[in-house]
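Asks: Build the full structure now, drawing on both the sequences and the hints.
Protein sequences appear in the order of chains L and V.
Numbers 1 to 318, taken from our numbering, label the letters of the first sequence in order.
Numbers 1 to 509, taken from our numbering, label the letters of the second sequence in order.
Everything labelled a hint here was simulated from the structure, so no lab data went into it.
Treat the hints with care, since some could be wrong.
What the hints assert, rightly or not - Heads up, simulated DSS-like pairs for lysine-lysine below, C-alpha to C-alpha not over 27 Å straight-line:
hint : chain 1 : residue 1 : chain 2 : residue 2
1    : V       : K87       : V       : K336
2    : L       : K117      : V       : K3
3    : L       : K26       : V       : K100
4    : V       : K462      : L       : K288
5    : V       : K221      : V       : K57
6    : V       : K262      : L       : K11
7    : V       : K54       : L       : K312
8    : L       : K32       : V       : K3
9    : L       : K258      : L       : K233
10   : V       : K336      : V       : K221
11   : L       : K6        : V       : K336
12   : V       : K502      : L       : K6
13   : V       : K336      : L       : K26
14   : V       : K502      : L       : K209
15   : L       : K288      : V       : K502
16   : L       : K105      : L       : K117
17   : L       : K288      : V       : K2
18   : V       : K3        : V       : K57
19   : L       : K74       : V       : K380
20   : L       : K233      : L       : K260
21   : V       : K87       : V       : K115
22   : L       : K32       : V       : K233
23   : V       : K100      : V       : K54
24   : L       : K233      : L       : K105
25   : V       : K57       : L       : K11
26   : L       : K6        : V       : K3
27   : V       : K115      : V       : K57
28   : L       : K105      : V       : K88
29   : V       : K88       : V       : K165
30   : L       : K11       : V       : K87
31   : V       : K3        : V       : K93
32   : L       : K26       : V       : K3
33   : V       : K2        : L       : K209
34   : L       : K260      : L       : K41
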Amino acid sequence: MFQLYKQLSQKGILGINKRNANYTLKYNARNKYPIVDNKLKTKQLAIEAGIPVPELYAVIEIERQIQDFDDMIKDLPSFVIKPARGSGGNGIVVISNHVRDMYQKASGDFITSDEIKYHISNILSGLYSLGGQTDNAIIEYRIQPDLIFEPISYLGVPDIRIIVFFGIPVMSMVRLPTRMSDGKANLHQGAIGAGIDIATGITLSAVWKDTIITNHPDTGYPVSDIRIPFWEKLLNLSSRCYEMTGLAYQGVDIVLDKDKGPMILELNARPGLNIQIANQAGLLTRLKLVEAHHHELESIDDKIQFAIHHFKHSTALE
Amino acid sequence: MKKIQLFVLSGILICLGSAIFIYKYHFLNFPITPDKTSSFWDIEIRLSVDAEDKPLKASLFLAGESENFTINSEHFLSGKYGLVTEKKNNNRKAVWSIRKVNGRQHLYYRVLVQKTAGKKHTRLKPEKISASPLEEPYLSAANRLWNDVYEHSADLNTVIGNLFKRLNQAKTDENIALLLGKDAASTTRKLETAVELLALAGIPAQVVHGFDLREEIIQVKMVSWLEVYHQRKWTSYNPGTFGGDIPESYIAWWRGSEPMYKIRGGTNSQIQVTAQKNETKAIQSAIVQSKLTAPHFLKFSLLNLPIQNQIIYRVILLIPLGALLVVIFRNIIGIKTFGTFMPVLIALSFRETQLLWGIILFSLVISIGLAIRFYLENLKLLVVPRLSAILIAVIIIIAGLNIFTYNMGLPLGLSVSLFPIVILSMAIERMSILWDERGPGEALSQGVGTLAVSAVIYYVIKNHIIEHTMFFFPELLFILFGITLLLGRYSGFRLVELYRFKEFARKKR
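Replies: Shown next as structure tokens:
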């Protein structure tokens, strides 16, 4: 066990305790958390900063408004309902189609209007929010995933997670929904995580339920060696999120819409550590490098160049 | 910088806690384990009598000066009786009296004594030897016996040893048979005779009556022995061993030939003496001592609170320990549990139910509650009413289980009522959400994790020594505080992370 401990330390693996003690608690000011914990605020700030986000259709704040739900969405062919303060992808419902009071979910199942309203009511009472406070329900644009992901995702929308430290992209992965994850892009729900080389935007190895895989379990297509489009732009967007929120250590979740291009889906002040498994690399060495040099880097371009130079996959292997 | 601050702060806290602890343990002699406290005994005497609607007067000898015991505290339960205590001839006596009373009467006397070996004798020297002068033919029989005993002994100890031996030979020696009279078999009579004989020789002596305080006995045996004043001190002689030392378990009650109690104005009197080892009050002596050596030290201690509060603190002071264990389990090992402190609360309730029953009960309540929760899901209730409904359901389940087990004769007891009902309801709600979102596996694993952590905490806090130590040394909280602060900066891997990243480590070797 000690040997394992030592081995992991040498690899520069970041553990939860270290992430909390030395990064999130140290560099992320508590008063800035609401910016990322509340998706409405994130959206607002992003729009101000000129960062693209999925269009907001409506917000439901009180129980009474639920009655008007059918009216609100009657002109929208598809949309997403999510809790403003939800965490871990919980409480998100994707509606792809609706006829009268029958709604079709992305998975193809139908649910009734009453069921949706009950779900919204649960969101409002704080069932999915951090700490159980009352919450708002957001109705927003449903992403149409970029075609490059079609062979390697099952339903749902893949998203790209980039860990950004002082505005420098440190590590990245793409999360691919599977049948097991029910179209959701969360690793703990059974989505695939595939590491992305920061320098090139090409996917590396992939992890699915703690095991290394090469092909998508549902579609059978290889998940490695896929070049993520707009990679430079993704790096640029993620880096700008630091200026936007002021959170030094954050996870930026980006989706690629086939029409509208990259958009920031949400930000996370305590991003998970599975990204290390997906990349087969430890975060700690990279974070330390950034800690030592981030003062020297002023512009976004400098930061991205630093990342491309230092976090190239081949060097990460050492 | 902050790290130095942290180390200094925790260092100060831990040192402070340890210093007070060591001071109390080493210099004030606070017992560190409950076992050391076993030198305390609660003795209760119940005097019962049928009153006859006329004045009633009852006198009872109280615990007196004893070689091996000191009186710590005593109290009387005398109802509407007038109570006077008096001290005479080294004896203490309580007299209850009432003008008019009817029916069966019970009078109680309760005393807390402590075993104190090697105590100094503070008793005064005897008054004038007041044995009633013997008449013929007893006087000559006594003289003959005395001379015989005296001839065959070297000093006082052997005199008394011989005397006891001879007094046991009433059947073969007519002198002794004459002196002892018809009560020849009674130890008290033999001792009284010995006192008379010693008085004849000018040696002050007296009969001592007391009790034998042995472990694990409820009905106490009454014992008597002889005390002789010689060379300016009283020495005890045990008739059972022909003049050997009396056992340490003997507590002296009263001296002389009077009976233990007298009742005037009642019939059918009865006395019952019970003694019980008192394990909790051992600390009293340390307190008494520290009041003398450090009078201000204990002024601000928990032990000055009313007993009821003290009982509550006995439990409350265990919570920090549980909290520290939760920190270790969650941050160092990495076991997931429902809620941060739910395991502590569950462990506290296990104290009431015992572990096995606690786990069975917990699992039963949670599974029935979950079933109800899944049904309620269909009704599409709002969150707060749904939580309240679950809470009510939990209470119904617990009450039902309690009635059921009671009728089955299972030893579950009333302790169930203290099971943290609200906590259980929250656990059910969280578990069902987890079940929906992450599947039954995750929900069950967190449930099992919670139970496992609770069980470990239970084993720690049910330990009597730990409870005792935490209560009597609350300064240990400073140490716990310091350790918790230090753990707050533990940034190494959690044990489960070693497992989580293990494949990764192997592959990249």
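Asks: For every hint, state whether the structure bears it out.
Replies: Now for the hints, and whether the structure bears them out:
1. V:K87 - V:K336: 67 Å, violated
2. L:K117 - V:K3: 50 Å, violated
3. L:K26 - V:K100: Roughly 81 Å separates the two Cα atoms, so the pair is violated.
4. V:K462 - L:K288: 46 Å, violated
5. V:K221 - V:K57: Holds. K221 of chain V to K57 of chain V sits at ~26 Å (cutoff 27 Å).
6. V:K262 - L:K11: 89 Å, violated
7. V:K54 - L:K312: 107 Å, violated
8. L:K32 - V:K3: 24 Å, holds
9. L:K258 - L:K233: With a Cα-Cα distance of about 15 Å, the restraint between K258 of chain L and K233 of chain L holds, given a limit of 27 Å.
10. V:K336 - V:K221: The hint is violated at about 58 Å.
11. L:K6 - V:K336: 24 Å, holds
12. V:K502 - L:K6: 11 Å, holds
13. V:K336 - L:K26: 24 Å, holds
14. V:K502 - L:K209: With Cα atoms ~13 Å apart, K502 of chain V and K209 of chain L stay inside 27 Å; holds.
15. L:K288 - V:K502: 22 Å, holds
16. L:K105 - L:K117: 14 Å, holds
17. L:K288 - V:K2: 19 Å, holds
18. V:K3 - V:K57: Distance ~75 Å between K3 of chain V and K57 of chain V Cα, so the pair is violated.
19. L:K74 - V:K380: Holds, at roughly 24 Å.
20. L:K233 - L:K260: 13 Å, holds
21. V:K87 - V:K115: 22 Å, holds
22. L:K32 - V:K233: Outside the cut-off at roughly 83 Å; violated.
23. V:K100 - V:K54: Holds: K100 of chain V and K54 of chain V sit about 5 Å apart, inside 27 Å.
24. L:K233 - L:K105: Violated. K233 of chain L to K105 of chain L sits at ~31 Å, over the 27 Å cutoff.
25. V:K57 - L:K11: Since the Cα atoms of K57 of chain V and K11 of chain L sit roughly 90 Å apart, the hinted pair is violated (cutoff 27 Å).
26. L:K6 - V:K3: The hint holds at about 23 Å.
27. V:K115 - V:K57: Violated - the C-alpha atoms of K57 of chain V and K115 of chain V are around 32 Å apart, more than 27 Å.
28. L:K105 - V:K88: Violated, at about 97 Å.
29. V:K88 - V:K165: It is violated: about 32 Å lies between the C-alpha atoms, which goes past 27 Å.
30. L:K11 - V:K87: 84 Å, violated
31. V:K3 - V:K93: 67 Å, violated
32. L:K26 - V:K3: 12 Å, holds
33. V:K2 - L:K209: Outside the cut-off at roughly 39 Å; violated.
34. L:K260 - L:K41: Holds: K260 of chain L and K41 of chain L sit about 21 Å apart, inside 27 Å.
Consistency with the previously given hints fails for numbers 1, 2, 3, 4, 6, 7, 10, 18, 22, 24, 25, 27, 28, 29, 30, 31, 33, ordered from lowest to highest.
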